[in-house]
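Novice: Sequences listed follow chains A and B, in order. The first sequence maps to residues 9 to 791 in this note's numbering. The second sequence maps to residues 13 to 213 in this note's numbering.
Mixed in with the good hints there might be a few duds.
[To be verified] Sample of chain A residues at the chain B side, in silico, Cβ under 7 Å: (1) E341; (2) N392; (3) K393; (4) K394; (5) T429; (6) S456; (7) N457; (8) S459; (9) A460; (10) R473; (11) G474; (12) E475; (13) V477; (14) G480.
If you are wondering where the hints come from, they were derived from the structure by calculation, not from laboratory data. For each residue, glycine too, the CB sits at the ideal point set by N, CA and C.
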Amino acid sequence: MKIGLFICDCGKNISGVINIPEIMAYFKKDPDIIILGNQYLCSESGLKLIINEIKEKKIKRVVIAACSFNLHGLLFQKTIEEAGINRFLISFANIREQNSWVHKKDPKKATKKAIDQIEMAIEEVKLMEPLEIYYSEINPTTLIIGGGVTGIKAALVIADAGYKVYLLERDLTIGGHMALFDKTFPTLDCSICILGPLMMECKNHPNIELITFSELKKVDGYVGNFHVSILKKPRFIDEEKCIGCYDICREVCEIDIKDTFFPRKAIDVPYPQAIPLYPNILKEFCIGCKACAQACDRDAIIFDQEPQELRINVGTIIVATGYKTFDPSILGELNYELYPDVITTMQMERLLNNDGPTKGKVLRPTNGIPPKNVAFVLCVGSRNKKISHEYCSQVCCNGAIKQAILIKNEHPDTKIIIYYTDIRAIGKNCEEFYNRGREEAGIRFVKSNISAILKNDSSDELLIRGEDVIEGRLFENKSDLVVLAVGIEPPDGTDELCQILNISQDTYGFILERHLKVRPSETSVNGIYLAGVIQGPKDIPSSIAQGESAAAKAISLMSQGKVELNPQIAYYDESKCDLCRLCEKICVYNAIKIEDKKLHFIQANCTGCGACAAMCHNDALYIPGFKKSQIVAKLKKLLIEKKEYPLIVGFLCNWCAYMGADLAGTSKIEYPSNIRTIRVMCTAMLDPSLVFEAFFNGADGVLIAGCHEQDCHYDSGFLKAKNRYESIKELLGEAGINENRVQIESISAGEGKKFANVINEFVESLKKLGPIKPGEFIKSVRN
Amino acid sequence: MSDNVEKYIKRNVNKGINSRIAQKFVDAGLEVMRSCINCGTCTGGCPSGRRTAYRTRSAIRRALTGDESVLSDIDIWLCSTCYYCYERCPRNIPVTDMIIKLRNIAVEEGYILDPHFSLANDIFYVTGHGVPANGEANKKWQDLRESYGLPPLPPTVHTHPEAVKEVQELLKSVGFTELMENAAKLKGERAKKEEKKEEVK
Numbered sequence: 009m010k011i012g013l014f015i016c017d018c019g020k021n022i023s024g025v026i027n028i029p030e031i032m033a034y035f036k037k038d039p040d041i042i043i044l045g046n047q048y049l050c051s052e053s054g055l056k057l058i059i060n061e062i063k064e065k066k067i068k069r070v071v072i073a074a075c076s077f078n079l080h081g082l083l084f085q086k087t088i089e090e091a092g093i094n095r096f097l098i099s100f101a102n103i104r105e106q107n108s109w110v111h112k113k114d115p116k117k118a119t120k121k122a123i124d125q126i127e128m129a130i131e132e133v134k135l136m137e138p139l140e141i142y143y144s145e146i147n148p149t150t151l152i153i154g155g156g157v158t159g160i161k162a163a164l165v166i167a168d169a170g171y172k173v174y175l176l177e178r179d180l181t182i183g184g185h186m187a188l189f190d191k192t193f194p195t196l197d198c199s200i201c202i203l204g205p206l207m208m209e210c211k212n213h214p215n216i217e218l219i220t221f222s223e224l225k226k227v228d229g230y231v232g233n234f235h236v237s238i239l240k241k242p243r244f245i246d247e248e249k250c251i252g253c254y255d256i257c258r259e260v261c262e263i264d265i266k267d268t269f270f271p272r273k274a275i276d277v278p279y280p281q282a283i284p285l286y287p288n289i290l291k292e293f294c295i296g297c298k299a300c301a302q303a304c305d306r307d308a309i310i311f312d313q314e315p316q317e318l319r320i321n322v323g324t325i326i327v328a329t330g331y332k333t334f335d336p337s338i339l340g341e342l343n344y345e346l347y348p349d350v351i352t353t354m355q356m357e358r359l360l361n362n363d364g365p366t367k368g369k370v371l372r373p374t375n376g377i378p379p380k381n382v383a384f385v386l387c388v389g390s391r392n393k394k395i396s397h398e399y400c401s402q403v404c405c406n407g408a409i410k411q412a413i414l415i416k417n418e419h420p421d422t423k424i425i426i427y428y429t430d431i432r433a434i435g436k437n438c439e440e441f442y443n444r445g446r447e448e449a450g451i452r453f454v455k456s457n458i459s460a461i462l463k464n465d466s467s468d469e470l471l472i473r474g475e476d477v478i479e480g481r482l483f484e485n486k487s488d489l490v491v492l493a494v495g496i497e498p499p500d501g502t503d504e505l506c507q508i509l510n511i512s513q514d515t516y517g518f519i520l521e522r523h524l525k526v527r528p529s530e531t532s533v534n535g536i537y538l539a540g541v542i543q544g545p546k547d548i549p550s551s552i553a554q555g556e557s558a559a560a561k562a563i564s565l566m567s568q569g570k571v572e573l574n575p576q577i578a579y580y581d582e583s584k585c586d587l588c589r590l591c592e593k594i595c596v597y598n599a600i601k602i603e604d605k606k607l608h609f610i611q612a613n614c615t616g617c618g619a620c621a622a623m624c625h626n627d628a629l630y631i632p633g634f635k636k637s638q639i640v641a642k643l644k645k646l647l648i649e650k651k652e653y654p655l656i657v658g659f660l661c662n663w664c665a666y667m668g669a670d671l672a673g674t675s676k677i678e679y680p681s682n683i684r685t686i687r688v689m690c691t692a693m694l695d696p697s698l699v700f701e702a703f704f705n706g707a708d709g710v711l712i713a714g715c716h717e718q719d720c721h722y723d724s725g726f727l728k729a730k731n732r733y734e735s736i737k738e739l740l741g742e743a744g745i746n747e748n749r750v751q752i753e754s755i756s757a758g759e760g761k762k763f764a765n766v767i768n769e770f771v772e773s774l775k776k777l778g779p780i781k782p783g784e785f786i787k788s789v790r791n
Numbered sequence: 013m014s015d016n017v018e019k020y021i022k023r024n025v026n027k028g029i030n031s032r033i034a035q036k037f038v039d040a041g042l043e044v045m046r047s048c049i050n051c052g053t054c055t056g057g058c059p060s061g062r063r064t065a066y067r068t069r070s071a072i073r074r075a076l077t078g079d080e081s082v083l084s085d086i087d088i089w090l091c092s093t094c095y096y097c098y099e100r101c102p103r104n105i106p107v108t109d110m111i112i113k114l115r116n117i118a119v120e121e122g123y124i125l126d127p128h129f130s131l132a133n134d135i136f137y138v139t140g141h142g143v144p145a146n147g148e149a150n151k152k153w154q155d156l157r158e159s160y161g162l163p164p165l166p167p168t169v170h171t172h173p174e175a176v177k178e179v180q181e182l183l184k185s186v187g188f189t190e191l192m193e194n195a196a197k198l199k200g201e202r203a204k205k206e207e208k209k210e211e212v213k
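One chain only, chain B, in its complex shape (with noise of 0.2 Å):
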């Protein structure tokens, strides 16, 4: 077949629901999204909907179908929480939390972005600071906490380095070095199966 046909045909015919995946949505708390009557107002008003591919009422028919492709998809994360869904759901549903309740899932099965892994275990997990405040590249936040008068440093672990450790201590025993390990796992796993795929090809 040429190549010219080829692009023309495509195959990605729903074959049902993953159950495990239904499952676990459903033990999350989802099933209040049963209520969607499909209006669309959630999506409407979504603000990052206007300028990206993110379909609000798409993820949660999905989740609601139990489609792995909501947790494997870049679109959940692209939800700036701004809670315009939220507030306007006629149904009721927490929009906004059953997102966040999807990206929790979606780390949980290893679907984690670089950039978001990378923070988690390379900044946060190393410095204790989500967003550090320290060093010569963030100089203009510690001139400005000065001319407020506030010490250069504010009183965490950027001025108590000992206290990085027992911030570790803390991630581990809430488990959430764990998850981290396990979706690196995952996400290793299912890259080696697609290298496979493509040698196959």
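Extracted from the complex, chain A is given alone in its bound form (with noise of 0.2 Å):
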């Protein structure tokens, strides 16, 4: 098989310190490789001149010795694609960054360590395996989950540019809770009357279809193709005959249910903008006298209504599932339970809204009479460690002074105090807001959190008792009404929707997001995005431009109408297989299922981190490019005659440690030539048994290198590592071997420094421990 080894001199970059005629001559011993030099390999010409010498010498595998991989990898693979080549019969030797540039002041020892790079090269792409790019079509359908204003406007987006879009709620209307909050801040206009047309949008739209009070049961599938099953729960109403006009039902029915809050009827709406409008029976407090039945004139009432089960396959699904407030009343000193006049900022919606129990009117939940001093209490459930909620939940501060103003707008008199730690009035307009409250509603602002909401018994006013701290004063204030302003938690059902959905959620229960800044939007499963605040506490504004920008993922995938799989991924050998299910277990991306004992593998779903194939006791599992006996076969051409001493054999992850490796480069950071690197996708893919085949073969140390854990590219690859790390350590003893001979690292892309000081210490420390030898190390055992 002829081999084409393209060694490029980089102008003086890599020719100026590696003696690449020294290099040629070595090579040339071998009669398979034909050796080319070049200036400039990644110039017009000398690509030219890369694909004349492919098809002219007939050479059907290519090693390049030049740059990282990172910077030019893709354009030479194209290159030998041009041709005639598959684009994965391809090697590189990083002789710049990863040697030229990092040991300038010993042209000799670079020298060697590029032959090494070049031979270890050579080994890989003899074993490489042409592979075939794949697609999936796509279906071009939407489900969102979660019918608030985030999921609203993400499905206005998505039906706008042409899509067909499942919008799923869980309640018995669309809207979420932006649609029983009376204003919005920092404007103060109407929720309802700016949310209430987007809902009605909503229904009218002919590419959207409300699924409501429903819920999502399962989930199969991969991106572009989501199998869902949802359950429809019974409303108690024929949905084809109800016209809405709940009237007459309602106004029949015999049975208040009494709430300070959400006052209804057995047969009621949730609200009268509900979208959909229909009525439900609770059955729960119904008696079943059918009044309702008979007074409806469409006999649209179904008092044997059972669930249903819907399916629906869709091409991309959007994650938008809100919020719940938090119950205060596991904060015993702010006795929430014990007194009706302590109200959560929730439920002082429902007393500001005009739709509400009191038609708008802010009265004292005890006496029916309009307080007189109104206190707030800010951080209620937000940045308490103690809860495990140190997260600010971003929008009760602003809440707290949106209610303070409306009710200073209506009754100017009342004196209202807000208590608060540190008044975050973050967002557009809201430190003006904030000001305004201040200045020109003549809200007072003290600054303490409360230490106990207490009530005298010959009085029915509560008592607050907390320290002014910016005056190192106590106080115990009088109040008629006190309300907190509770965080935000993710709601009810968040683990088993994450769990259905097989994607990961942070340690609040929020789901996590791919990247904290650059994909915000996207979750850990290709296909599968989210918006609003399930991803984190965040205002309306930014939960709509969340919404929105999630939307343009899915219609961005949809409209390509296929989807490029990555060929370098997991591939398995049914033959060698005994159904473990070690790979099942391990792989967190849902790729691969053990069903009707066969190994189904999913190839949409795979990314290609290995964690899998590591995990194989039989080899089934492989990465192309990646083989263990591609590994093998490198570390054995390297330790064949060891040119360095100690010599270390570098496992550095494709995404933080070899680009950390490259930064040193390009940082002309010196480091000891000592090390040899072998990149890998993941560290996780690492099979412990490869430490020991470069033991075996003669290495002083080897450094297993991968991202920081809240890093990982492929969400918890470092971790798996890291475990498996401890266990090596211990095996490494029982084999005679120091374990110190072994080093994890977390090093990133930006930490260029790190790496190079990581070799510096390593090399020391090997050093003191001498070369490598059998039985070195007798580990203690314990009796």
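Combine both chains into one complex, guided by the hints.
Specialist: The structure is reproduced here in structure tokens:
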């Protein structure tokens, strides 16, 4: 098999340090290797030269000894494809970033290292396989989970682009929390007046199908082809017949459900602007008198309606399930459950709302009289380590200020104090809004968290205790009504939802984005996007912005019609598989399923991290280009003659550590030439046996370097590697090898300096240990 | 300058951090106080603070900056260790434990109140009891014990006077005696300095 070895001078960048003629002479010995040097391989003339040489000399595989794969890898891959070779039959020796730029002081060693690097690349390319790029068709349909303002806006964007949208809502009506608010900050415009038309538009849009009062049960499939099961709960109303004239049935119903904030009949609508506007029967309150059924002239009431299962197929999914507010009853000192005049901001919205129980009048729940003194307590359930809510809920400050201003507008005599720890008036125009609250509305702000809310037996006023931390003074203020500005939590059922979708959550239970900054609207699974508060607390403008961003991501995927699937993913040999299920357990991408005594592999879900291949004890699974046999061949060739002491084999993850090593190169940070790196996609693909293979062939040290845990490109890849490292250490001891010969490090793509430091220190510590020899280390055996 | 004007002039400008004391706080595990966001929950709910000048948050804040005044002030001794602040702190700071640690450091640095010193040396060390129950003055306790069918004195050093020596030996070996001696020494030195200052004035 003829292998073309193309060596780049890179001007003097490479040839100024590495002795290129010496390298050429070294490889000339092998008749199968055709060598070509060029000043600049990446230039147009250089690329032409490669194409001509491949065609003329009938070269089958290519090794490029030049800069980092990350810089021009794709360019060279496309070039050889032009010359008629499959683009995966190429291998790279990084003799610039990881050699000439960092070993300037020792050209001799640099040249030796370059020879090693090229030899490893040649061994690797010999075992490369041609791969085909696969495509998967995309069903141009989106499922949006959650019909709040985020889901509604996302649905409208996608539907307007011409794609079909299913808008799934768990509650009776779409609209979410926003539909329950009276006004919104900082503009004080009526919430339902801006949301109502959007809800209506959703209902009437030909491309949107509303599925309300329904829950997600199961999702199968992969990007572009999700199969979804939905359970539709019974409203006890025939939706075909009901025209939403809910007055008739409601009037005859005898059952008044008394609730301070949500009073209703046993048959009623959630609120008059509900979409879809169907009443429903609450079975737990209904006495079955059937008066409503008799009153309804359309026979729309069905008392024995059953839950119904729906099945739909979609190509993309957007999760916009929103939030629930914190229940303050676990903070005993606030006595929320004991005193009816201690309410939450969400309940205050009901009192302020014209459609609410008091028709927009703020009245004390105990006696129905407007309060003279109102207190707002901020940070209830937020920034609290004790209950594991360390985050700031972001909207409570502005929300409380808004409610205080609304009360002041209605009753200017009301004395209002807002007790705060820090005011975070985040958002456009919100700081001005806060200032208006102080300057124009005359709201008092006292910097204090509240230690206790108490009540004197002889009076119906509440007592609020705290420390005015600016004055350093204790206070005990009287108040008629205390409003707790409760924080935001992930809604009930988020854990189950994440299990169904196989997506990851953060410490607090919110859904984890792919990357906090650059990929905020994507989840860990291809084709599933997220938006709104379920990604983390945010206000309405930010939620809508993210909803539209998620919609754009979904549209950009669907508009392609098909999705290119990376062929460098896991492949498997069915004959070797013994169905041990270790791979199924370790895969976080849902790419492997063992059913009916067979391994089913979902290519579209696989990201090629290789965690499964490393777990497979029969080598049934493998990643092309990173096969165990390939890496072993490289190690054997490298160690057949050790050109340096101590010699370190470094397994570097493609996304962080390898980039970090490249950065050390571009920053020209010198470090010892003792390391030979092997690029792996993720440290999780590293089979522990490879570490042993390195030692048994004579390597003095092994460095495993990946991302920082939180930055892992494959979610938890580095963690998996780290756990394995612990077991490798133990085994090494038993095999008679000093366990300090293995080192695992987190090196980010920005930590070139750290990479150099790690090599420096590791070389020093290995020098102390001396060359590796069998039985050098006897592990103390515990009795 | 007339006295009339001088009383309006205050010069207590904080001149930086006493790094030795600050380090001592860190070594004692007080760095968890760095979670404090000065919300005032601890002070606001403090039953002692409602009646005295003790301000929990201020004590913590001063300790964080290595301010020695937190040790010399009477404040930390006014905590009744009721654990209200501990229970309510939204930052999960074990406030009461912190105050107890501050007290330990205060004694090490020679800041001990006279009654505490006297209790430790004149009563605890001498009798082996923090609150002695023998003698005529405590007759009512003895009566109470007897009314429950118990012997008038508990089976402690009161009934085994020879064990007082053992208690004293124990106090020595755990370093309590040394701690007290050191505190007395530091306290004495400090008093002398103050005297000199007065003389200069």
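Novice: Hint by hint, say whether it matches the structure.
Specialist: Hint check:
no.: 1; hint: E341; verdict: holds (6 Å)
no.: 2; hint: N392; verdict: holds (4 Å)
no.: 3; hint: K393; verdict: holds (4 Å)
no.: 4; hint: K394; verdict: holds (5 Å)
no.: 5; hint: T429; verdict: holds (4 Å)
no.: 6; hint: S456; verdict: holds (5 Å)
no.: 7; hint: N457; verdict: holds (4 Å)
no.: 8; hint: S459; verdict: holds (3 Å)
no.: 9; hint: A460; verdict: holds (6 Å)
no.: 10; hint: R473; verdict: holds (5 Å)
no.: 11; hint: G474; verdict: holds (4 Å)
no.: 12; hint: E475; verdict: holds (4 Å)
no.: 13; hint: V477; verdict: holds (4 Å)
no.: 14; hint: G480; verdict: holds (6 Å)
Hint check: no violations occur; every hint is consistent with the structure.
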